[in-house]
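Each residue of the sequence shown is one higher than the last, beginning at 17 in the numbering used here.
Treat the hints as calculated values from the structure; they're not laboratory data.
You may find that some hints are simply not true.
Unchecked claim - Here are the simulated lysine-lysine pairs, DSS-like style, with alpha carbons at most 27 Å apart:
#, residue 1, residue 2
1, K271, K183
2, K490, K316
3, K271, K244
4, K430, K384
5, K244, K183
6, K430, K490
7, K384, K490
8, K105, K183
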Amino acid sequence: MPYSHWPGPRWITWLGILMLIAGVAFARPAQAADSHPLLTVDLLRQQLATPVQREGRPTIDLRNYTVDLRPDSALTDGFYRLLSSGLQKPATTPTLDLSYAVVQGDLDLQRLGQREPLYGDNLSPLLSEAGQAQLKRDRTRLLQLNRLSQSLLIQGQSSSQQIYVFKAPLVAVQTRFTGQVQGGDTFFLGRLLASGAVFEQGMAVAGARFNRAVNFSGADFRQGVQAKSSLFFEAARFDQAQFRSGANFQGAEFKADANFSRAVLAGDLNFSRVQWQGVADFARTVWQGTASFVRSYFAKALFFTEARFDAPLVLRQARFSEPVNLRNAMVGGEVDLGDALFPTSAYLNVAGMEFSLEQTQILGTPGKIGRVFSVPQLAGNETLLRNLERNFRRLEQISDANYIAYTAERLRLKTWQQRLLGTNLNTASVTALVRAGFTETQAVAVVAQRQEQLFIGTEGVLSVPGIDLASYLKVRDRIFALNTFPLIRRLTLALQWLWLGGLVVLSRYGTSFSLTFGLGLVAIPIFALMFWFIDRYRRRRVSPIVPPPDQRPPEHSPPAVATK
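Put together the whole structure using the sequences plus the hints.
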């Protein structure tokens with residue numbers, strides 16, 4: 017036995033092992049408690065007296081603390097009083113760092129800010145040009161509301177003549193807020209970084225102004241987010257965030273790009289009347305609640321690429337200036353595009369979009385909505401176009417259904433033309449591939465790739481080293497991929513192309529009544545004139561109709577005698 021070689025009695029060995037296990041077990045709770053020590057007034061004074069330097073800026077370091085701001089806490093009053101004074105006193109406003117902390121109770125950022133008069137020039141030097149312009153608009157709007165109230169003799173609550181200004185940059189990386197974070201009607205002058213933060217009671221920033229960039233990447237909002245009429249002057253990031261109980265951004269304005277990609281959104285999601293001045297990125301989002309974008313304005317592109325909608329998507333009366341990308345999106349609920357405005361520069365890219373005719377209805381303005389759907393090619397989108405056509409026929413929007421059918425046949429004609437005049441990836445030489453638009457290096461790589469495995473589709477070139485998406489889009493309309501393309505098949509395809517081309521050009525595949533009727537009005541007189549000309553020409557060259565000799569009567573035959 018190996019224990020026979022150990023010095024001392026065996027019970028001492030077992031006692032030592034048990035003491036070691038007990039020490040580890042009791043040390044873990046102590047370590048957990050020490051990882052988030054409780055912030056006291058004395059500790060707060062020490063941190064305010066000795067700020068640390070981070071990124072060239074003084075920082076009030078409250079990381080990893082437990083900040084108890086509940087009403088019955090002894091810290092609450094001192095926290096707001098001392099910290100508010102510490103954030104306003106220095107010439108260079110320090111950063112408030114709450115990263116990895118646990119904040120118990122509601123955090124009222126208004127109490128940490130400074131009250132400034134809405135009128136006057138105190139705020140102007142602190143704001144960017146866009147912020148100063150917005151401040152002027154706020155003053156004008158407040159003046160108009162006051163005049164309206166006086167003209168209507170309204171004796172309601174008067175509008176505030178002051179504004180809360182939060183000057184310090186706020187950092188709250190992976191912070192857990194057990195209460196609500198409140199910052200309504202506050203002008204945030206510094207950046208706001210709260211990536212990975214957990215908001216157990218949500219966030220209320222209605223009417224807030226964010227002068228610098230906002231980053232809520234990966235944040236977890238377990239209760240609702242109230243951001244009604246808020247304003248974001250610089251980029252706002254909510255990518256990979258989770259909105260578990262809804263979000264209200266009604267009337268908000270995003271002056272720069274807004275990134276909600278990979279976010280999970282549930283509950284009541286109100287994005288109505290929002291002004292999107294930058295790119296609105298909702299790519300790969302999951303919508304578990306109704307997405308309402310009623311009367312929103314999109315100055316730049318809107319991305320729903322690979323998004324999944326388990327509830328209705330409402331874009332009614334929305335205005336678009338650039339394309340809306342729904343490529344590879346999955347739509348499980350109703351899509352309402354009623355009275356949406358699409359100028360000539362805007363359209364719906366629905367390539368690869370999936371929806372069920374039994375569960376989904378796509379609604380839009382009759383006679384207009386069918387013209388805004390766009391797919392780059394027929395391959396991979398034929399079922400989608402067929403479902404769109406059936407959707408509009410079921411809704412009795414015949415003109416929209418006809419236009420979808422015309423679009424499908426026009427894309428089919430384009431595909432056939434591409435096969436007749438394009439370059440076959442599986443048989444073309446390096447020179448032919450270069451003429452199609454590849455570089456010589458890319459062409460050599462394509463030839464080397466097909467020697468190992470033939471291309472099934474044109475998208476296969478994306479797996480070739482040295483060919484990226486931009487290179488593929490450059491040559492997509494001039495290449496095709498077939499194993500063999502014999503001459504007989506090419507001639508048959510050419511005849512089909514001519515026939516379909518005639519239908520598309522002359523009658524839009526039978527979907528344009530005016531074009532078909534007009535061609536009929538022209539064709540009828542032409543054929544009538546042609547037959548009239550043939551008839552007149554035939555009369556000028558009349559050939560006598562003479563019976564054959566065996567049917568002619570003899571010239572000198574005796575008269576026939578009638579018999580009974």
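Quick check: which numbered hints come out false for this structure? 7
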